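There are 4 protein chains.
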Amino acid sequence: MKPIDSERLHEECGVMAVVNHPEAPRLTTLGLAALQHRGQESAGLAVADGHVVHSHRAMGYVSDALTDEVVRGLKGHLAIGHVRYSTTGSSNLRNAQPIHVTYKRGSLAIAHNGNLVNAQTLRREMENEGSIFNTTNDSEVILHLVARSRQETIDRALAEALRQVEGAFSLLVINPDTVMVARDPRGFRPLCLGKLDGAWVAASETCALDMIGARYERQVDPGEMVVLHADGRMDSYRWADEQPASMCIFEYVYFSRPDSTIYGRSVDQVRRRMGEALGREAPADADVVIGVPDSSNTASLGYSRVTGIRWELGLIRNHYVGRTFIRPSQEVRDFSVRKKYNPVRHVLQGKRVVVVDDSIVRGTTMRKLVKIIRQAGATEVHLRISSPPITHSCYYGIDTPIRRELIASSHTVPEIAAYLQVDSLAYLSIEGLMSSVQATEGFCRACFTGEYPIAPSGVGKDVFESETAPQTPSS
Amino acid sequence: MKPIDSERLHEECGVMAVVNHPEAPRLTTLGLAALQHRGQESAGLAVADGHVVHSHRAMGYVSDALTDEVVRGLKGHLAIGHVRYSTTGSSNLRNAQPIHVTYKRGSLAIAHNGNLVNAQTLRREMENEGSIFNTTNDSEVILHLVARSRQETIDRALAEALRQVEGAFSLLVINPDTVMVARDPRGFRPLCLGKLDGAWVAASETCALDMIGARYERQVDPGEMVVLHADGRMDSYRWADEQPASMCIFEYVYFSRPDSTIYGRSVDQVRRRMGEALGREAPADADVVIGVPDSSNTASLGYSRVTGIRWELGLIRNHYVGRTFIRPSQEVRDFSVRKKYNPVRHVLQGKRVVVVDDSIVRGTTMRKLVKIIRQAGATEVHLRISSPPITHSCYYGIDTPIRRELIASSHTVPEIAAYLQVDSLAYLSIEGLMSSVQATEGFCRACFTGEYPIAPSGVGKDVFESETAPQTPSS
Amino acid sequence: MKPIDSERLHEECGVMAVVNHPEAPRLTTLGLAALQHRGQESAGLAVADGHVVHSHRAMGYVSDALTDEVVRGLKGHLAIGHVRYSTTGSSNLRNAQPIHVTYKRGSLAIAHNGNLVNAQTLRREMENEGSIFNTTNDSEVILHLVARSRQETIDRALAEALRQVEGAFSLLVINPDTVMVARDPRGFRPLCLGKLDGAWVAASETCALDMIGARYERQVDPGEMVVLHADGRMDSYRWADEQPASMCIFEYVYFSRPDSTIYGRSVDQVRRRMGEALGREAPADADVVIGVPDSSNTASLGYSRVTGIRWELGLIRNHYVGRTFIRPSQEVRDFSVRKKYNPVRHVLQGKRVVVVDDSIVRGTTMRKLVKIIRQAGATEVHLRISSPPITHSCYYGIDTPIRRELIASSHTVPEIAAYLQVDSLAYLSIEGLMSSVQATEGFCRACFTGEYPIAPSGVGKDVFESETAPQTPSS
Amino acid sequence: MKPIDSERLHEECGVMAVVNHPEAPRLTTLGLAALQHRGQESAGLAVADGHVVHSHRAMGYVSDALTDEVVRGLKGHLAIGHVRYSTTGSSNLRNAQPIHVTYKRGSLAIAHNGNLVNAQTLRREMENEGSIFNTTNDSEVILHLVARSRQETIDRALAEALRQVEGAFSLLVINPDTVMVARDPRGFRPLCLGKLDGAWVAASETCALDMIGARYERQVDPGEMVVLHADGRMDSYRWADEQPASMCIFEYVYFSRPDSTIYGRSVDQVRRRMGEALGREAPADADVVIGVPDSSNTASLGYSRVTGIRWELGLIRNHYVGRTFIRPSQEVRDFSVRKKYNPVRHVLQGKRVVVVDDSIVRGTTMRKLVKIIRQAGATEVHLRISSPPITHSCYYGIDTPIRRELIASSHTVPEIAAYLQVDSLAYLSIEGLMSSVQATEGFCRACFTGEYPIAPSGVGKDVFESETAPQTPSS
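Chains as they are written, first to last, in the working numbering: chain A, 1 to 475; chain B, 1 to 475; chain C, 1 to 475; chain D, 1 to 475.
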């Protein structure tokens, strides 16, 4: 439905909650809009007023799915929300979140960022015991586990459920008078807490707090359960034993907004240091440095700072064209790239250009971009990537193609350089990457190394989309 | 959402299936359009191609919910469909059918006409065992029971499930290569089988068979399970012990279309005999007989035949106005009735008029209609109702108001006549009703007598809509 | 866009006005809904509040085009409205009415029922003088003439404009503080006046007055100009010399609703007499009489009365299927007719059936209908048409096919009977028709006789749709 | 409808044409998407195939108004298109372009960027002569003049029409086999020509040529008429005597994209020089320079270069939030600005910050932005504006507020600085501006100086929106 940039990995979700605020549904919606870069396929809201949970989900951007009319119809002072990205395969309303069900204690809705590695196994077990599933979403497994729990309180039931699943999750769960906020024991995906006057706020990134004027408090700890009550009280406890952290390092490379604070560190600062490390590791004899906008601007500034090569705005992003589905049937030259970027000719003409980008997935788009930069007059193109080569797929909530489509999984750097037709190519080293986050451990970097913190039992996200899966072509 | 005629009881659903036909989805949609009078709130389709089940549901008429584009996107040679009516309370996409889930054997969707009287009890039991529910629909209970069954085949699993539920149901269940057609042991709601070339068809009423040119074969027997295979084979067996039949007699009074055959009898013929019996029981000294269009035309013709009073077209129905949501804010005189009917003045002017209607629910609309008929010049208005007074609510799939809103539950016929301001009022007797169906037993007539064939354990259809129920304001 | 019944002629428009009422826009919209049978392709409203004219037009039914939200946005105590039918060719928003323009005196909008026979000539003249046209509608010509007039008042300017056009028109024109109501000197198309408290109402048919509870006053006279002022005053004068009346007799045959009063006569009464005259002219040896619903019910009742043959409900109309655009790609047997009507089998089975219909255009649909009636078991089918054979096209506002497509233009009655495969066929005679309207003159019956009251200078309604015409594919 | 940034002036239109290409409608639509920054309220297309002109216009972005389905329905190898911005007042479909009419020679459609200063006078004259107008658009005046012309060819007729109008216009006119491209004699608004294989392309900015891979040829000269024939031939001649050029200098300040070439100069280069001149004129004692994204990035880079102060990404733009209409009813702190920008805290914290923006209109938004920058920790805020103070309204196609709302029309620079609460404020001088465009004359800079090249006879763009104007609330 939405045009997908095959040259980027994609975050699968963003989540947001506001508790104890008369405008919780509106504020949550605004926060979701600030998190839209984390998922553009569907958006949803579940709200509660102390007595009942109502919800709405629809395909499309936050602005399309959660219109003013819809949000006005959802009354409550507690709210959770979700934005979702997915590839075309399982892209339908049925899989949008929050998922909203009833069970023995009443009504419950869940918004989940991440991916469970043992969901398939659990699901098969539960199906064999007679359970039915309405979605192909792994989050539904958690709801089943909560419903089966004999714990007396909902948060203890959720904790019990979470102890049975493995993988990556930053979760929001709402019932009529509480929002529970939980993060997996390894902290794969980010999740933070903030306050707005007497209200509690939770969000994937701090830019969502900033949007509504909330104050950043802290990140939710890996293995922590935070219970936000309708009346403003907050409880917190550990639901899991401590484990080595495996925070997704790609949040710093590409996913998160530079104005966000993630895992307690400024994304802008970390990303800047990646560019600086890259500059130290792989300088170039060139006239100008340009970033691929908007995501690589920060790293390219760092590269420029360290190398002393002048930073320039060499590519302009076509913000409006992305939504246009018109495509010339006689393919215009390199249309797919032009649709995204236009070079500033006189900036590039006659120049030896360093292009800084954050990552290379398949290489096809980058190859076209290099061609366009050359057509604009660049005499040399030196490509610098502010992260190591992506050689492995992710099983923790990031949409990566299967391994063989990752160009770096089967090609050396010189081979990639030849394919891309660049004069030189360099990636940031793993060491450079780690020095940029100023840590030696605590991060998942499996996409660069293949060292998976948790063994994936099944496969990717289409695991429930067997021949028997429910699918709606649209709704 | 849709304007509701508070002077009528409402059927809650219509169902349709086509198996082993390359155009199954299209033909099912056309059949649903012919059954639209049974439910106008939502419509849905589930199709299968031997390998996978796909589904689509949406709010609105068949023409809005199942557009050509949607139906073209649903490929398969097996299909089931559903139209649903409901009061505003639980009117949302979540409750639309077919309900589509996955379970241990794969994918499954259900379309259900009727109401289970022990659904609440079963649901509470299952919730207590840890099950979760996605809808407030009693049909979801059946899916849970099927999923829990250890029977080896899907139809045997369905039969086992059905043996645990009580109440009224005419069911269609689809999996990737079979459609199962089942009817409750008392046969509360109608369901028939037909053939179209090599294809099998099932539908609530025969008018849906006629629409697609299918040949009527027979009704599905109460307690029968019919298994329609993707390749055209058909199996059938009894899944329940024989029980006394309790076919809903109101199908003849109002719900079914006069061109349909229901429970093996022509609706037109039965309805005609009701008018004739009414004419014999309660003749009138009058100049013309009119029916309230379109539903009472048939009975009024019977009344005219027996009494010899001239039949006339005295009221014209505004077919297009019903969909208009414009309402004058300074209420125009008797607007709600004028919106539906306009009198033909010269037919009524100076005449003593017999008005035949099929039933009276609350009496408020009828009172306004009587006033309009008098304003058009009628000198006397004699109201004749072609069924007995409705004194009790229905628990088997018909939307009736709570008892105290039924005018006949607490008022005598003379009191009702006084309220309606008619010169005389008579209802058809129970005996007259039974003679019209040419039977002394085999029918449920609880709404007239309070003699419920199966004791309702819970209450009406809002039973799952407690404070904790999931509700979407729209989707 | 909308399914078209090729076996009927089609009215092209209905108009409605309410002046001096705080709810004028709402009431006008309700009136348009009552006139929906006169045009289902587009609907529009122009309102005024004494200072400014606002308007809205859209494709579709009144309920779709003039939603509550749209009507709430149109404030004023004067309003005119329009519903339009058209064949696919010129079916687009650009041609929807009211047409709304500015000119030297300010703002003006027009709603027009009818067709001008010299519009093409006038348009060419004006184009040659340098005028531009925004629509392919002949009504725009009138606006140009009004704008060119040097008369001091708007109504005198309109009168001057109308003296230059020839043809059929029942017109409503609104400016910021007046609604003008005018009818052509021959009175081709109906138009009536009513009152609702202090408000004036004008409408094509009285059923629109009834809808809003307005009292019928009188018809607008041919050649009359009625000026309705914002403050409730009304002026009236003749703007044209008296001419022989040429009221469209087909309004009685088919277009108007039976509950309307047209040209001062009850449609029901006239239509009934047509059936009676037909019964006297062409009785049949048969068991039952049925009408083709809903339009032929009235005439068939008259036929039954006179012949003594029992009247029956033999065909049920599928009210909901018409809006469905699903069509089986392998054409199901006689689908196009089944989509509209379903026979009541036991009423027809073994019977000799008289089918009364109001007219035959091409004959193709009727042929299929006869086949379906036979399949339902009729042993003989005697077709009786309650008007004479249609042999000529209409140039005064009715959508007729070109002559050669009219089956009666080139075939004798026996030939038509053979084509339709009926046992006998008879049409009402011209004399019978005239006796039914109880007049010998004053009516246009050109479609039956070819005697055109005004010579058509150009052609049909596609006259401005030359290769150069502006067309929007949709809007 | 769309959120409007009150701190910016707004271009009112962008235009695009493709002639002699089988994919002309698609390519034109893509070009319009690249020009979307020039107008986001409505979009339209008029296409021709040698025989007929078809058109479509709708409210909203190009992606919403010109969907793939719409564009597929518009066949032709000639196409013109238009995007429009407007304030809410006159924001309706009626005023969308291209305007499409018929006249004596056939069909004609116009797409117009600019504003005529004598349109009101001409319109009044034509209305007095009996003309009617369908829009409140000044472009309709040109169509009337073309229609009245007695010139033998359409391009000569257009030239004759253009000689009667005064003001700013870059025009595209399409008839069945030609597209005419014309620019006013002073060249107020940009317009350029390009080639794509054998096809001719015209566009407001070169970024639209780049989008479809077309080659930039040259700008259309002021006073030039370019005739592009369906077969690929091109004629060109002067239709007006030479006049001093008055190219809009604000295109360089803000409107045009930096990757475009306008009036033969690279926007990026000119804008860069503005920043450099500003740096020389008004350096600051500060730690970092930031631009207000995205429009001021280029100028801020120039400022940084000259002053040696480090350039930083200090504000992140919320690309997705702009389309969200949700607004907290209890206004969250400085919501309107947060909705657009979020500060990167650690970049600003403890820093003396130079903020470079391109212009100040009312000052209200800037005041909030300064506050947000301070809240993010900036110790000093030095505001530098890369153009002179805006003291006068524009009459040539730019949406400026009335004079008294322009803060610089009635306040000195120190007063503005006080109001904005900045530590220092400086604007670029007129001399600095002119040196940046490397010219002393040839530009209109009336908004900075009040020296209007052509005296405005009437007023702003609401001139036709008197009490009598036709307005549709939506369509």
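What the hints contain is simulated information worked out from the structure, not anything from laboratory work.
Be aware that a few hints might be false.
Copies of the same chain are indistinguishable here, so a pair counts whether it falls within one copy or spans any two.
What the hints assert, rightly or not - Think about it this way: if two alpha-carbon atoms lie no more than 25 Å apart in a straight line, the pair counts; the simulated DMTMM-like pairs of lysine to aspartate or glutamate are: (1) K368 x D197; (2) K104 x E127; (3) K371 x E217; (4) K195 x D287; (5) K195 x E224; (6) K75 x D197; (7) K371 x E129.
Computed from a predicted model, the values in this text were never measured in an experiment.
Now the hints, each set against the structure:
Taking the shortest alpha-carbon separations for K368 and D197, only the inter-copy value of 20 Å comes in at or below 25 Å, while the best intra-copy value is 50 Å. Taking the shortest alpha-carbon separations for K104 and E127, both the intra-copy value of 19 Å and the inter-copy value of 5 Å come in at or below 25 Å. In this assembly of identical chains, K371 and E217 lie within 25 Å of each other by CA distance solely across copies; the values are 22 Å between and 46 Å within a copy. Taking the shortest Cα distances, K195 and D287 never come within 25 Å of each other, neither inside one copy (47 Å) nor across copies (31 Å).
For the identical chains of this complex, K195 and E224 are intra-copy neighbours only, at 18 Å inside a copy versus 61 Å across copies, given an alpha-carbon limit of 25 Å. With identical chains, the CA atoms of K75 and D197 are at most 25 Å apart within one copy only, with a shortest distance of 20 Å there and 42 Å across copies. For the identical chains of this complex, K371 and E129 are neighbours neither inside a copy (57 Å) nor across copies (57 Å), given an alpha-carbon limit of 25 Å.
Hints 4, 7 from the list above are not met by this structure, while the remaining hints are.
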